[in-house]
Amino acid sequence: MALVLTEEQSMLRDSARGLISDKAPVSHLRHLRDSKDPIGFSKEFWHSFAEMGFAGLLVPEEFGGSGLGYVEAGVVMEEIGRTLMPSPFLATSVVAASALNRGGNAGQKSEYLPKISNGSLLATLAVDEGAKHRPLQTGLQAVRAGNGFRLSGAKALVVDGHVADLLIVAARTAGSAGEREGLTLFLVSPAAKGVAIERTIMVDAHNAARIELANVEVDADSVLGEIDQGAALLDGVLDIGRGAVASEMVGLSEEVFNRTVEYLKSRKQFGKLIGEFQALQHRAAELYVDIEITRAAVMKALQALDTDVAKAASSVAVAKARAGTTATRAVQEGVQMHGGMGMTDQFDIGFFMKRARVCEELFGDANYHTEQLARARGY
Amino acid sequence: MTDSRASETETADLETFRSETRAWLEANCPPEMRKPATSDADVFWGGRNAKFSSEPQRIWFERMRDKGWTVPDWPKEYGGGGLSAAEHKVLRAEMGRIGARPPLSSFGIWMLGPALLKYGNDAQKKEHLPKIAGGLIRWCQGYSEPNAGSDLASLQTRAESDGDDFVITGSKIWTSYANYADWIFCLVRTDPAAKKHDGISFILFDMASKGVSTKPILLISGYSPFCETFFDNVRVPKSHVVGTVNRGWDVAKYLLQHERAMISGMGERGVGRPLGQIAADSVGTDALGRLDDSMLRGRIASFDVDEAALAACAERAVDLAKAGQAHPAFSSAMKYYGTELNKRRYEILMSAGGVDALEWESERSRQGARPRAWLRTKANSIEGGTTEVMLGIVAKRILDLPGA
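So the protein lines, in turn, are chains F and Z.
Every letter in the first sequence is one number past the one before it in numbering that gives the first Met the number 0, and letter 219, counting from 1, is 218.
Every letter in the second sequence is one number past the one before it in numbering that gives the first Met the number 0, and letter 346, counting from 1, is 345.
Chain F on its own, in the form it takes in the complex (with noise of 0.2 Å):
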């Protein structure tokens, strides 16, 4: 497979580039902001983001979805990083899609897939606990109870959570923290007895919850894939959901990228276009590499997903780690070439800095990502 878009991944570029610069450009995450929206995205921009087939693009066509691959979704992803416009694509159409059409039974898919491709269901996937993503140290217990299951523990950075309609919740059926057997995920509703959720207006005025759930009661039938088995489906899911946000990093860097070097063809100090200054070449010239670098090692990734969820895990960990140091330096060398320009709120660029603090924190940061490859490479 070639390291390149196909002419139908450049048209979908185009089209989700189109909606969303025109629909969603910096100034709507900054107007949601500052209106303090009471659910931080706009609802009537998702649907016309549905209507255009974006909310269900993973989604089998026998569910109402477009059924297209990783690849495609990282195209979406990019083009949202480069405006920074928050919405439930990630949560919902990318990882929730992904977690109920890869462990989900035939019931399970025709109740809740059609209804995240049509754009009336938000779902989220509730795994983090601790202050850092580690899966395996789910410790959110689910005892049995008559002829379900009853749930107890609490959820940090959950993404979307505040509006979700149906939240999949990582939890330990056997086991302890630590160990990949006895993780089971569980479909439940956010109104069902015993939920509790607090939304979290994170630095990236983007959306998430930490949720607590007291003794909260689910039958049999929300099991989402195997009990006690659940951490294989985990791992593709979040690896799913980490191809997603590597790609978003890329838009990121590269939008970011381009606003400075713009800068630096315009800024005058000295009597001359700060762009001249061989210090600031130089340092704009390795930034450049290392976008392109990290934006071909997320291509890889992407595909290799979509050739086997379950082999791509090296790949993703390398993609994962590079757009998190990449974008890291992105945003820092976009403020500082800024000068004080890039520590106002009234400029842009900051709003790019904290996103991608965020985007580096989901499903593991560049530190995690990079241990990962060390113990599968048997060091």
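By construction, these hints were calculated from the structure, which means they are not laboratory data.
It is possible that part of the hints are untrue.
[Stated by the list, open to error] With beta-carbon atoms standing in for the labels, derived distance ranges:
1) F:Q335 / Z:K195: 34 to 40 Å
2) F:D164 / Z:K377: 41 to 47 Å
3) F:K35 / Z:K377: 56 to 62 Å
4) Z:R57 / F:K310: 35 to 41 Å
5) F:R101 / Z:R91: 31 to 37 Å
6) Z:S175 / F:Q335: 57 to 63 Å
7) F:R101 / Z:E362: 55 to 61 Å
8) Z:G95 / F:E6: 28 to 34 Å
[Unchecked claim] Chain F regions said to be covered by chain Z (calculated; three or more residues, Cβ under 8 Å):
9) 101 to 108
10) 254 to 266
11) 292 to 302
12) 314 to 322
For glycine and all other residues, C-beta sits at the position ideal for the given N, C-alpha and C.
Since the structure of chain F is already known, use the hints to place chain Z on it.
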């Protein structure tokens, strides 16, 4: 629909090519040639005085040559394999799968050949390309001069017109393996009055010509892969100029792109066991089987991330070129990153090797193979254009930043 059917046929053909190639390589690549080269003797460079260091090396070279696979993507009429870009990629992947060494290493293949294919006339192509493909002539590159390094276009070696000949006088430096080379491709000044880029010609001549001499330069590695090369009234027919007289800079730049691609790929030769496992041999592991030096382990893992990402980028660069979307200066980006990464690799290897990596002359250390290789890598970010020159090219030609 026609398009997708055509591409399906293409994919099926490619899969057939893959299985045939795999079978052929399995049957024809000697087991000895499936291990990474560990010394210069393991590399076959061809040429008039070439000697094979082993029988498997000879067999492997001859079999590959007979298929045209010393230069798989060159046209068959010049001794190449006539493979498409996609087939070439498959062949490289299949050779990589079994760890097959390149059968022939040559500046003729990596640098001159591509330039001749683009700028050479028919007679030059027919004369030189088959001899490169067949490993009959070994080439060297006459570019840098004592006073023209990063500022290559300021070169001063003169070529004065005399009837049908040029008479060449001057000196070159850092001429790789000039003392073993049969012919040289050389940049000379044919118009001293023109602006520096406009008076240069690209010319080919025999190193056995009267007036040519070489002197190896001893490097910090203790090896002498480079020479000083002197020309004292060397007479060369004007028909040996490639491209137009005084337009040699175009050829030189084109060739440099290939040279940079070659140098950026140098690190890939070391592939084999993961760096972390090599390190474990000397550093040891803890109870969990992890490298018993957590800082070093972190450095190695970061290196591995960057190396895997660079490999993807190299693959993408080829695919972009095939799709006609490549930026001509992108090889400078790859050269910069690939060489800095290779230096990192050897800093890690030295650190991992500890005391064992300090031995310079023992049999045990294969005559100090590791420290010598480590020192050799320091040239990677200098030769073929320094890192600073590469970043300058990226800044100006790709990013279009202002100034000089």
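Going back to the hint list, which numbers does this structure go against? 2, 6 and 9
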